[in-house]
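Under mature numbering (1 follows the signal peptide of the UniProt record, and there is no 0), residues -24 to -1, 1 to 133 are what the sequence shown spells out, in order.
Derived by calculation from the structure, the hints in this document are not laboratory data. Treat the numbers as computed from the prediction; the structure is a model and nothing was measured. Not one of these hints is a red herring.
Each pair of labels, with its calculated beta carbon distance range:
1. H26 x G90: 29 to 35 Å
2. G61 x T121: 32 to 38 Å
3. Y133 x L52: 31 to 37 Å
4. T120 x V93: 19 to 25 Å
5. G109 x N27: 15 to 21 Å
6. K82 x G31: 18 to 24 Å
7. K86 x G29: 19 to 25 Å
8. R59 x E125: 34 to 40 Å
9. K128 x W41: 31 to 37 Å
10. A24 x D87: 33 to 39 Å
Restricting the straight-line Cα-Cα distance to at most 20 Å, the calculated cross-link-like pairs of lysine to aspartate or glutamate (EDC-like) are:
11. K68 x D46
12. K104 x D5
13. K82 x D46
14. K104 x D91
15. K49 x D69
16. K104 x E3
17. K97 x E3
18. K86 x D46
Beta carbons: idealized from backbone N, C-alpha and C, even for Gly.
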Amino acid sequence: MSLLQRSMVLVAAVFCLSAIYVSAEAEVDANCLGCMCEAATRCNASTACHNSGGGYFCGPFHISWAYWADAGKPVLLHDDPNRLGAFEDCAKDLYCSATVVRQYMKKFAKDCDGDGVVTCKDYVRLHKLGRQGCTVPLPQDRFTTQFEECAKRLNVY
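Could you build the full structure based on these sequences and the hints that come with them?
Next up, the structure:
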């Protein structure tokens, strides 16, 4: 199986399992969520925590501690959000980190691009730029290129 095929299988698994794992109330489309994961790390569940660009990021969605906290500090089953390492363990887990992203989007959803509706385009800006910075366009970088390729392939827009 090629790397692209493996990536697509992993993205499909994220879609299916995140839909099962997360409340049906969540508004982020599974394909949109998968493309955010693909853009962040190629949805690599073994992405380690690291310092980057002035922040500390973990897991397949490249989540910061502040993002996790803003999302309500979701944790793995039977974990304690106040336990040292709870953030890292959740952020590195594909399903828990998908929950973090969905909860963040549910809490901060807004029309970042000013087109009158909240869509995946807004969610990806919220994810990458944060709730305070999402009104500016995404930077033309690897993340944006990966996201746009995935979104086009899966007809996310």
